[in-house]
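*Asks:* Single-letter residue listing:
Number of protein chains: 2
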Amino acid sequence: MIKRTINLNGINKTVVADPEATLADVVRAQLGLTGTKVGCGKGQCGSCSVIMDGKLVKSCITKMKRVQDGSSIVTIEGVGTPDNLHPLQLSWTVHGGAQCGFCSPGFIVSAKALLDENTNPTREQVRDWFQKNRNACRCTGYKPIVDAVMDAAKVIRGEMTAQQLAYKIPADGRIWGTSCPRPSAVAKVTGTCDYGADVICKMPAGTLHLALVQAKVSHAKILSIDTSEAEKMPGVEKVITHRDVKGKNRISGLITFPTNKGDGWDRPILCDEKVFQFGDAIAIVAADTETNARAAADKVKIGLEELPAYMSAPAAMADDAIEIHPGTPNVYYEQKRAKGADTKDLMASAAYVVEGDYYLQRQPHLTIEPDVGFAYFDEEGRLTIHSKSIGIHLHHAMICAGLGTEPEKLRVVQNPAGGTFGYKFSPTMEALVGVAALATGKPVALKYDYFQHITYTGKRSPFFIKLKYGADKDGKIIAMESDWIVDHGPYSEFGDLLTVRGAQFIGAGYGIPNIRGLGRTVCTNHAWGSAFRSYGSPQSFLASESLMDELAVKMGKDPLELRYLNVYRPGDTTPTGQTPEVFSFPELLDKLRPAYKAAVERAKRESTPEKKKGVGVSIGVYGCGLDGPDSSEVTLELTPNGVVLTASWEDHGQGADSGALGTCHEGMRPLGIAPDKIKLVMNDTAITPNSGPSGGSRQQVMTGNAIKNGCDMLLNAMRKSDGKFRTYDEMKAENIPLKYSGKWTASMCTPCDENGQGNPFAVYMYGAFLAEVAVDTTTGKTQVEKFTVAADIGKINNKLVVDGQIYGGVAQGIGLALSEDFEDLKKHTSLIDCGLPFPKDIPDDFTIIYVETPREHGPFGAAGVGELPSTSPHAAVANAIFNATGVRIRELPALPEKVLAGLKAVK
Amino acid sequence: MIKRTINLNGINKTVVADPEATLADVVRAQLGLTGTKVGCGKGQCGSCSVIMDGKLVKSCITKMKRVQDGSSIVTIEGVGTPDNLHPLQLSWTVHGGAQCGFCSPGFIVSAKALLDENTNPTREQVRDWFQKNRNACRCTGYKPIVDAVMDAAKVIRGEMTAQQLAYKIPADGRIWGTSCPRPSAVAKVTGTCDYGADVICKMPAGTLHLALVQAKVSHAKILSIDTSEAEKMPGVEKVITHRDVKGKNRISGLITFPTNKGDGWDRPILCDEKVFQFGDAIAIVAADTETNARAAADKVKIGLEELPAYMSAPAAMADDAIEIHPGTPNVYYEQKRAKGADTKDLMASAAYVVEGDYYLQRQPHLTIEPDVGFAYFDEEGRLTIHSKSIGIHLHHAMICAGLGTEPEKLRVVQNPAGGTFGYKFSPTMEALVGVAALATGKPVALKYDYFQHITYTGKRSPFFIKLKYGADKDGKIIAMESDWIVDHGPYSEFGDLLTVRGAQFIGAGYGIPNIRGLGRTVCTNHAWGSAFRSYGSPQSFLASESLMDELAVKMGKDPLELRYLNVYRPGDTTPTGQTPEVFSFPELLDKLRPAYKAAVERAKRESTPEKKKGVGVSIGVYGCGLDGPDSSEVTLELTPNGVVLTASWEDHGQGADSGALGTCHEGMRPLGIAPDKIKLVMNDTAITPNSGPSGGSRQQVMTGNAIKNGCDMLLNAMRKSDGKFRTYDEMKAENIPLKYSGKWTASMCTPCDENGQGNPFAVYMYGAFLAEVAVDTTTGKTQVEKFTVAADIGKINNKLVVDGQIYGGVAQGIGLALSEDFEDLKKHTSLIDCGLPFPKDIPDDFTIIYVETPREHGPFGAAGVGELPSTSPHAAVANAIFNATGVRIRELPALPEKVLAGLKAVK
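Chains as they are written, first to last, in the numbering used here: chain H, 17 to 923; chain C, 17 to 923.
Excised from the complex, chain H in its bound form (with noise of 0.2 angstroms):
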């Protein structure tokens, strides 16, 4: 042990630790000072930034050794506090710099070491800050964080104060459509919001730490497992595996179509008698420590008898393959699209037919927070587990039978999350505390270091698309086939749910009246597929926008232009067969038509041998909802202080408080009460009632809708003759009941059928994209200079969520279209290797239009937003590196080594 005094924010404090121990985790497990954020571990994030002796550092990569006695650390506790925010704080509140916020501290602290430094720098030395010093941000895509720093220094030189840069409530009192910022921004920018390992930090003593014993190979037969060795090992409380499971083991894939081969039972919680993909669990070992547990999981042995291991979806479709889950073949779903005519007479007979063959890769969700949970008992007696999940009622259903619990003695708590985007949809977290917990009896936490949570954590799945229009001699699309592989990695969960997306939305946006095509869902041993934002689409688009890019090259036409003529007017269906609730893409493309053409012009105006500069257009849609007949439930209750809402309304970090919040306030507006007394209770299955998960942009309008259901019979009940409302006093006097379940159902929509076909969605989101890239033709690297997005996603609710979501759903897609990957499990192991965009990948000259059509089905007006801006942005940026260069990327991502080779085929 080392003893240091050092200066923490100002005050003199003495620490003993271990001199191997980093200075992150001396500062939040044993200071308590948890706004010091870890996310990779490895300091590249920059999560954990702090200010040492003036100078920025990484505390998870600074031992204790290093750090010096006498020394002055400042953590983001020392920056500010809610009480008292530093401007850049305020400023991170007001641009909307914090979504999920775990990366918040790091940057802030950031921040203000270059502010300490240069309180007046441009916005290119702010993001040359940050890129120097690796700030990571998942969320935002940046822009709103150069925003936030430059206020921020406006303030600290002066030019502003506070008060003028603080958000302000419109004098009407009405917060929908404004700025506001999010109820949790304060607690995130100051440190004190609370993520998972922060909560852990602050578990009862006696609580035990897990650490999993994982399978090194891809696929295998378990011969043995020997945790003798382990059991010994300082510390240890027990080591558990398959056998200390009481109930199936298993987590339930909730197999959604009839036509599935599997049962959705293929998942197994500890692996029993197979390994299907690198990293499955096999046993858990329960120890007093972190340390302890990792030390003793090393000591487990696995005897194996290892499996060929497909790692991609031709090779598991293979002849010879076997069945990765015996019984159940590797192709083990297909989804047909038929509407309209048969296309191959068309096709035949169309004036042009273009095809070609799309791979949309592996994502990784690299979320800065890494995966987490806990679990214990409550006063109840019920599991109670604590998790990222944005399903907590959907979980509760995935795992039960699997853990051997009674439904009613389990209980799932979402803890704050720092970013899931969709992989959180995947209940294995949960599962594996929830085994512990009940094996022990004890109280317990599961912290996966980022390795494991790259590598143990599910991706979006892969697409092979193979894709053909054919066109009459204007250019309008009259056929199109399509047939598309899923590689959905070892277990079914929403596998054939996600073919189904290929149906809805490859060539989706169009007005195409003869569709034909076969999706399949694989069986792979590579990473399970999970859910990620705009699940589905991104795939579907890769393959239908560029498509339409060649098809325009190939008729001479302005790529923008053979859009226009062919989206969704009155009279269209899409391709599901459904008529689009509103129909905005010619406003959209309208509203874009003169950035692009500036676009077009500064290409050509730029453009040099060395740096050839390009400009891409795409177009997106999304439904938001479960398809066919999704619901939401919620409740709100009136009392002494205001109304209390009461919902499950799972936050990614895209602010689920802001949209409760909103929604809520514009449905009690009748009763004019301020923001702040409408509390929110949120995600816990013990006490808020199943609004659904968060996914498919589903939420504001779904639970959305329940809210305003909610609020109408509250103001129902409330109202007086004279149309006035009874106080919280009057109601009680009166015996009016104060508590109202507010519920909405999509019961105007049906799933798709065999065919495809349906009204799955009740309200869809449209946007069009536009990339202005340059590629330097020497290194074949693509920079996006320039993105602007045209978006109707109905009635604003937060103009900060929708803003932020678009920018960081960009960035995700610019992120896919030129580094992002998770293929190779020896080399894609950490942010920096998968491709995790940072700073100075996104541009900052980001423009966002909004085109506002009320849509009927959502409350207010609003659609949803989250996925809009993933569907397609990496499918602009493609085709701006072919209008750049000639070179049509038709596998993503798009590395320079990919570029450059195409450039020389293209000489």
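There's no promise every hint is true.
Note: identical chains are not told apart, hence a pair may lie in one copy or across any two.
Stated by the list, open to error - With a straight-line Cα cutoff of 27 angstroms, these simulated DSSO-like cross-link-like pairs (lysine-lysine) come out: (1) K736 with K695; (2) K759 with K693; (3) K484 with K573; (4) K317 with K237; (5) K458 with K248; (6) K695 with K79; (7) K79 with K425; (8) K570 with K627; (9) K315 with K458; (10) K797 with K360; (11) K248 with K315.
Because the hints were derived from the structure by calculation, they are not lab data.
Since we're looking at a predicted model, the values are computed, not measured.
We have chain H already, so just place chain C on it with the hints.
*Replies:* Positioned in the frame of chain H, the structure of chain C alone reads:
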């Protein structure tokens, strides 16, 4: 476990906790907010105060199951932060509201709750609030706290700005003599100062928690120790007994005088053959949690043969009493006093002779923080012990052999101490945690609960004093005879030295030419005698200052004037034959006289048969130093940022940091550096030189002189031929050493000889005390209504510190006079039962008159201060009770029943 989502300091937090855990433990150990302190653990002291849902609650007795979901909780961390002090916190620093600071967070939170209700309270309303809410402070005497609240309320009401309230360094840059807040003040008022238990919350994972197995009898032979059942208890790492102690298993009593009949090795660390007092440690359980350790400690079985327990000196002196330490007589030290002529004939011929028997009780220290310590091995393999030690180098020497470590392998560090007042002159905790760390090889931590803290720390040793004065016809005392018996408990530690204090201070202040007497140190089975503020003098002055009053009564003289006649004047010597270094008493009494006369008038005017009012005076003297040529050492080093002062100036809470900073700043004044350029490195035997213990008001004089010496050396080295000073860079360039060892020795002093004669102290402090009381004749309860002190403590370093020491020292004297005791092992086990004064027990009407006679041997003319105010205020109170009622209380405390009995006897 229960899950609670609470609003903690404005931020929603989810916490999982044992429903039976206290809110204090959850806030501290789980949530890491250690600003909330746990003192008594029984809701008696208010240190743990938090505001829950707008109501002040004591978190140490609030179980988590009583905390409702959605509750709002404000802790000290939510009141304000170092960068953003709440007006209360600012005001606390400005008024010296925080001495040890342990109670400050609780007081400030309590005051906030008051001001939230009423921004304009009267002083009496403030006192009523703290009384009602049981906020206890042992350091300040409460007045500075009330001052702080009143000024904070002005700021809150807008009648004063924070800027106006804040301390400002005078224009000449000199902080010496001003009310500069102590460097640690901000940390203390914001709850960010980490005391021992706070650091324990922040120790590395794997730290073992200790629980003691203690004796429940006062005297016994140990027949057996059975640890087998305890070893099987959950979480137990080891059960440690005397068999595990590698060294002598004794704490050295450091026998001071060769005539001591003991050898000083009488105190076991862990009892082996015998139990000597209630609470004696027999074994230590080391376990993963404190709860597990305590549960296992209950399972250790001790076989005992009980022996007669001698619970007072007379019992242990009885003819048939067995030797408590076989081989050493129970009366193990005798100290004669013989000055001038034999007193026998003088007494016979004296015009007036008075005599009396006096008893001063076993006063408990009643610090708000219970004892605490921890130990670990540092990077050099040194056993490193952190505790509240006020003598780190001294304790190093006292425990080294007992532990069995090499001296260079032992390191002692002081934690910020929540009050000691002397009890931490005894290194009990240090030896126990040292033994446990050596036995387990791991970091270990030990916290006493308040019961343990009271029953197993040392106490002020009772004196039985028989005193006789012979005076001439004018009242001038010509002879004094004194016998004093010291009940020192079972352990010899400094027992001889304490007995010498009787020879030095019985009758001190008066120029008595002829003295005879004998003091005896007696071993008993009651609590061991440890140091306590004003060590030995409260006992001495109870006798000599009461008897002086009795003489005045007998002569019909005014008690103040009789003292005025007798106090030291040039030509007089002290009882030890030393010539006082200054003759302050006439001036002190001259300055006190107007207040005294007004008090006498007031008492006469206001006295009623039901509420009799009276006035009492007393004088007090105490030396600054250890007897004889005491010395100290520090280092001064020039750095690029200023000066680093390294010293072992341990802090009880008195303000070691202010003392060191003020002296060093004054010493470095020629250089003109700002106070914040002086860095203090304090109290770690591995890095701070031996400045001697913090006892006997020695540090300001001894270490103050060493600092001055170091400053002089550094300034000499920096001084250039033109009288200006070299910069750091110039010093480096010229290769002039930057670091200097400042030393000082009181070489003008000699210890007392076998007749109690010598020049033990270079500098003394002098004071006169004036108490005004009201005695309720129906209940016997005494209320001190007003207090005035005239003090000469030389030139004042820091006004806030010395005011605070005097207010607090007198408050302890009032407690000693009226309520405090530790006699009944069954009853005297809590703050309230031990008679701690609460706010309304201490007068708010309190005046200090300073006479600043510069001391030749004090640095910049300063003496010490800490011991003076506790020398004899209790005697003034006892004299006032007599003055009011005619009841002479010769055995303290003057409990109501005792006064009532006296009143009945007088009638």
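*Asks:* Decide, hint by hint, whether the structure agrees.
*Replies:* Here's how the hints hold up against the structure:
1. K736 with K695: within (24 angstroms within a copy, 70 angstroms between copies)
2. K759 with K693: Close inside one copy (22 angstroms), not across copies (65 angstroms); limit 27 angstroms.
3. K484 with K573: within (18 angstroms within a copy, 122 angstroms between copies)
4. K317 with K237: within (14 angstroms within a copy, 54 angstroms between copies)
5. K458 with K248: For K458 and K248, the Cα distance is within 27 angstroms both inside one copy (19 angstroms) and across copies (19 angstroms).
6. K695 with K79: Answer is between; shortest inter-copy Cα gap is 25 angstroms, intra-copy 42 angstroms.
7. K79 with K425: For K79 and K425, only the inter-copy Cα distance (25 angstroms) is at most 27 angstroms; the intra-copy one is 43 angstroms.
8. K570 with K627: within (25 angstroms within a copy, 112 angstroms between copies)
9. K315 with K458: Both: 23 angstroms inside a copy, 24 angstroms across copies.
10. K797 with K360: neither (40 angstroms within a copy, 110 angstroms between copies)
11. K248 with K315: both (10 angstroms within a copy, 26 angstroms between copies)
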